[in-house]
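> Go ahead and model the full structure; you've got the sequences and the hints to work with.
Just so you know, the sequences run in chain order A and B.
Heads up, the first sequence is in this note's numbering, so the first residue is 70 and it goes up one at a time.
Heads up, the second sequence is in this note's numbering, so the first residue is 11 and it goes up one at a time.
Derived from the structure by calculation, the hints contain no laboratory data.
Small disclaimer: the values here were computed from a predicted structure and weren't measured.
Each hint should be verified, as a subset may be incorrect.
[Claimed, not checked] Simulated DEER-style distance windows between Cβ atoms: (1) B/ALA81 with A/GLY85: 26 to 36 Å; (2) A/ASN120 with B/GLN93: 33 to 43 Å; (3) B/GLN79 with A/ARG150: 16 to 26 Å; (4) B/GLN93 with A/THR145: 32 to 42 Å; (5) B/THR17 with A/THR107: 14 to 24 Å; (6) B/GLN79 with A/ALA122: 32 to 42 Å.
For glycine and all other residues, C-beta sits at the position ideal for the given N, C-alpha and C.
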Amino acid sequence: DTGVSQDPRHKITKRGQNVTFRCDPISEHNRLYWYRQTLGQGPEFLTYFQNEAQLEKSRLLSDRFSAERPKGSFSTLEIQRTEQGDSAMYLCASSLLSAPSNEQFFGPGTRLTVL
Amino acid sequence: AQKITQTQPGMFVQEKEAVTLDCTYDTSDPSYGLFWYKQPSSGEMIFLIYQGSYDQQNATEGRYSLNFQKARKSANLVISASQLGDSAMYFCAMRDIKAAGNKLTFGGGTRVLVKP
Numbered sequence: 070d071t072g073v074s075q076d077p078r079h080k081i082t083k084r085g086q087n088v089t090f091r092c093d094p095i096s097e098h099n100r101l102y103w104y105r106q107t108l109g110q111g112p113e114f115l116t117y118f119q120n121e122a123q124l125e126k127s128r129l130l131s132d133r134f135s136a137e138r139p140k141g142s143f144s145t146l147e148i149q150r151t152e153q154g155d156s157a158m159y160l161c162a163s164s165l166l167s168a169p170s171n172e173q174f175f176g177p178g179t180r181l182t183v184l
Numbered sequence: 011a012q013k014i015t016q017t018q019p020g021m022f023v024q025e026k027e028a029v030t031l032d033c034t035y036d037t038s039d040p041s042y043g044l045f046w047y048k049q050p051s052s053g054e055m056i057f058l059i060y061q062g063s064y065d066q067q068n069a070t071e072g073r074y075s076l077n078f079q080k081a082r083k084s085a086n087l088v089i090s091a092s093q094l095g096d097s098a099m100y101f102c103a104m105r106d107i108k109a110a111g112n113k114l115t116f117g118g119g120t121r122v123l124v125k126p
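What follows is the structure, given as structure tokens:
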């Protein structure tokens with residue numbers, strides 16, 4: 070399967086712990102996005118990469134959040150000192166810059182629960 | 011700033027009937043794209059259909075069609091011949107074509123439950 074994959078699918082952690090999520094985009098896609106989705110809401114944009122460069126960050130992305138895409142392939146999203154308000158589904162998406170509609174293809178998400 | 015509004019939090023539809031999901035948007039930019047995604051209980055967002063702001067024809071993809079009314083700033087999704095597998099959350103989203111990265115702004119979603 071050549072879709073977007075995310076790992077882990079579920080993560081339960083205690084408040085104050087650090088967590089890291091991984092996203093593997095569709096192989097030829099040069100853009101990668103992170104979104105956060107809380108229960109009953111639509112996804113909200115967090116950040117995006119074009120190749121290895123992080124080009125935009127939402128103000129939702131506090132200093133406790135950091136994202137990397139070291140070689141322009143997979144990406145990681147780390148949350149330090151987790152808080153209960155970080156509990157959400159974290160979605161990764163990728164797209165091909167040259168595609169006419171530039172549609173984003175989403176992964177299955179990582180559901181984070183902070184106790 | 012862009013805004014997407016989906017006013018129907020939930021809908022029931024009888025199997026084999028058509029259903030229309032409402033979406034209105036607000037943007038000051040003449041260049042934009044509109045998307046519909048389906049999110050089943052498994053969580054994955056599945057791309058359904060795309061409409062560009064300059065497209066002359068309404069988009070169609072199989073049983074999905076987009077009723078694009080530019081002057082009213084609406085982009086309603088029509089699902090024809092509903093199937094039980096259509097039960098899911100549906101999100102309307104907009105992309106500002108000029109914005110760096112073409113990030114998506116999503117509405118709050120509509121939950122559809124198809125009854126047998």
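> Kindly indicate which numbered hints from before are broken by the structure, ordering the numbers from low to high.
1 and 3
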